[in-house]
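Visitor: Given chain A, work out where chains B and C should sit, using these hints.
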Amino acid sequence: MRLGGTMPSLRGYVPLIPPVTILMMFFALPMGMMIGLSFQDGDTGSFSLTSYERFFTDDLALDGFFRTIVMSGLVAVCVTVMSYPIAYFLARSTSRWRAVVFALAIAPELAGVVLRTYGWLIILEDQGFVNDLVIQLGLIDRPLPLSHNMFGVVVGLTHVLLPFGILSLLTNIQGIDPNLEKSAQILGASRLSVLRHIILPLSVPGIVSSLLIAFTLAASAYATPALLGGIKFSVLATMIYQQVLFYINWPYAAVMANVLLVIVLAIAFTGARLESRLNSKLHVR
Amino acid sequence: MSAAEIADIELVGVTKSYGGNVVVVDNVSLTVPRGEFVSILGPSGCGKTTTLNMIAGFHEPSSGEIRIRGRNQVGVPPEKRNIGLVFQNYALFPHMTVQENVAFGPKMKGQSKSETEEAVRSALKSVRLEGYESRYPKELSGGQQQRTALARAIAPRPSVLLLDEPLSNLDLKLREAMRIELKEVQQQLGMTFVYVTHDQEEAMSMSDRVVVMSDGVVAQEGRPSEIYQNPVSAFVADFIGKSNLLPVKQARDHDGRLTLTLGGGLSLVSERSGDIPANDITLCCIRPENVQLARKGASGENLLTGRVDKLVNLGAHAELWVDVSKDCLLKVQVPVRRLQGIEIGSHVDLLIESAAIQPLAH
Amino acid sequence: MSKLLSVGYWVFFSFILLFIALPMVVVLAASVSPTSHVTFEFWTWTLEWFGKLWTSKWLDPFILSAKIAAIVAVISGVLATLGAYAVAYEKCPGHDAIMSFLLSPLAVPQIVKGVAIVLFLSSAGLFRYLGTPGLIAGHIILTVPFAVRMIATSMYNFDKNLDRAARILGASWWQRIRYVLLPLIKPGIFSGMTFAFIISFNNVPLSLFLVRPGQSTLPITVINYFEYSLDPILAAVNVASLLFILAVIFLFERIGGFTVQIHGGSK
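Protein chains in written order, with my numbering: chain A, -10 to 274; chain B, 225 to 586; chain C, 2 to 268.
Just so you know, the hints here were simulated from the structure itself, not pulled from any lab data.
Predicted model only: the values in this text are computed from it and were never measured.
All residues carry an ideal CB built from backbone N, CA and C; glycine is no exception.
There are no misleading hints in this set.
Simulated restraints on C-beta separations:
#1 B:K337 to C:L252: 26 to 36 Å
#2 B:G414 to A:L169: 56 to 66 Å
#3 C:R213 to A:Y236: 13 to 23 Å
#4 C:W174 to B:S286: 17 to 27 Å
#5 B:A502 to C:K161: 50 to 60 Å
#6 C:S101 to A:T39: 30 to 40 Å
#7 A:R43 to C:A108: 23 to 33 Å
#8 C:S101 to A:N268: 15 to 25 Å
#9 A:T39 to C:S15: 48 to 58 Å
#10 B:G414 to C:L252: 46 to 56 Å
#11 A:N268 to C:K161: 27 to 37 Å
#12 A:R266 to B:A585: 48 to 58 Å
#13 B:R381 to C:A108: 52 to 62 Å
#14 A:L18 to C:S15: 44 to 54 Å
Incomplete in silico selection of chain C near chain A, CB under 8 Å:
#15 I21
#16 V39
#17 Y86
#18 E91
#19 A108
#20 I112
#21 L120
#22 I141
#23 N203
#24 L235
#25 A236
#26 N239
For reference, chain A alone in the conformation it holds in the complex (with noise of 0.2 Å):
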């Protein structure tokens, strides 16, 4: 704050001190650590690349890293195609039910991953609600395996990241000219004609940020894949967390972590430059 205009400029890095201490000690500290970690031998401490040989070379640790791939995939896509629907309603519609839509798609956030997947876990297990239902109708005889498995993983992790794909799809379609729709039916345009090819086109950056933030969140996702995908179901996360508290073995889990790390970074910064390059493009004003 200069005061009189005289002050030294210095002072207005004051207030920074302390948030700015804070994060460097307990955030870019131990990240420069936990990499610096994971180009150490493990005995000797000194440079090496053996922790990374060995994830690239060991065939569990890459399943794992795959598994993680095809799952945060699956789940960007399913929370972008159902996120969509809800998104563009909440941006267009003027009825007293918007309130309630919007309630109902944010109201998860609040409570919590544990509840969530507690809840899936009810509904899909071989005991739980729709097996009960199915048997109890007569369409099959055994339980169908929803849960422990990759199904039940991207149900759950689908249901935990909606709200994100929805606020983002929402943002994006909020910024469309609803004339712009308006003006193509005066053209003549039928409804899936405007959808095809107005409102679809002009939504890519929303698209691509729903699926952008669906799959990092989701390969950085914890909780879920291990409640719902049962013991043998291993991602990055799940592995990242045995290594450090099973196996005490940190070095690799810092691999593992720097593996998981530069996945979500690549994605995010890509993205970025993607959807800035997309806004550009649309953004004709």
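Guide: Relative to chain A, chains B and C alone:
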């Protein structure tokens, strides 16, 4: 010097530049006596707002001196200057009621509760806003917000009141009514007002004195009528009111009567030699209302004939664009009742009083 | 054709809403069902599971979680207000870069941050700070960026003319902060603090690494328990903590009035 003669505000050679080469305000000097209503008028970017901000203390001048009631203000922060300021967007505190907004200044100055209440009451009374004390700004109309802002600014009894385009957010009708009210409040309080605006009508209708600024310098300073009738430059003539600015090819002086030769073989006689040497005259300014329709067959000097090119009826009067020579369109303002028989394409005779032709050097 | 399309759209739309609501409804029903079999026969519903929460097994982690969340909310509120003031309000030189730094923890997955903090604490010989202090530090790293973003938004939206108006009316620097800036950004600060509270209270990925025996947060206690059984008492715990969160939001809203800001107006 007696107290009444001390100027409330004095600017002496005030200059404001950024980075050494961008000069926003260039060597401006100005004296505002106590109780005067002065307008600083100019287009956006002319330096008027910077000047105001320097008087208020938000900017420090690069050189020159600013004195308020005789005391140099350089280095004095805004909160210590005892100045009032009314903002263009009013800047009312949205979380405070009208009462709390108006009481803010007296409170900050450490006045007692009863003094503060009295100051609020009298300020609200002068802007005729009694009964609105407990309203929040959001609950007020634009005009009421404007009055609250004015009340807040005068409540601490500042030595001078600065107003930064305070009426520009109001619609036309309200703006015209507020002009009259502002002037009344100013006269009632006997307070010095410095009013910054780009709206020449506002400046003309309220001010005792108008300072026209352009490109960081004072282009002209004087009473409103003086500036309107005797603009010193094409800029001022064009900025204040409507005008015809005609290029002059040659000017000759005959004992205080000037003969001006224009393009297209036209020549006009002006009786205002002024102080510009004939050789320096490059333009002349003629106000549209000073051009009259002449009776058929009239004769004499400054009689022109032309064809009506455009005609705009404005209700009480009409504007004609008359083609008087090859590349000279003359704007003429005539009362609508004189329009009979005139339409686009009609030939008309025009008469210009020689005293209404103002020669200009630039 | 277009009729079919619009029917299809509404069917899909309803399916999504059902999908969103279903797990929450099921947990609610499970928490009042008499057995571990979830039932919607509401005349059999009972509150006995909630009664069973009243033991130190569930109360201790709940109290720890609430305590940590409250401390985290207050500290991140203060840190974020300071940071946002320098960056978004005073716009100190280099404010864009500093803002990116303050937001940078958002770019790193929580589990990665968790590994980093646990490695840091152990190699710096601070292992004994696992548990409450470690949880607070970890959660603050997580919540400060969110709070900075929310408070910075309200500072960016602050009309600087209000500060100038207060100044010309004679208010000192501290008076302007106290009477003008703080009251006007209060909703932003409180929404940031509420957000921090919820994030901390519900957190799993970071807490996993930072809890220690006897100092475990509620969500971690719950997931450790339900790896073994789907006891309806878990449903009751979850519903109770959701109700607690709602109560906290309500309380913070009463003090801070931030829904006003969320709906985009002031008074």
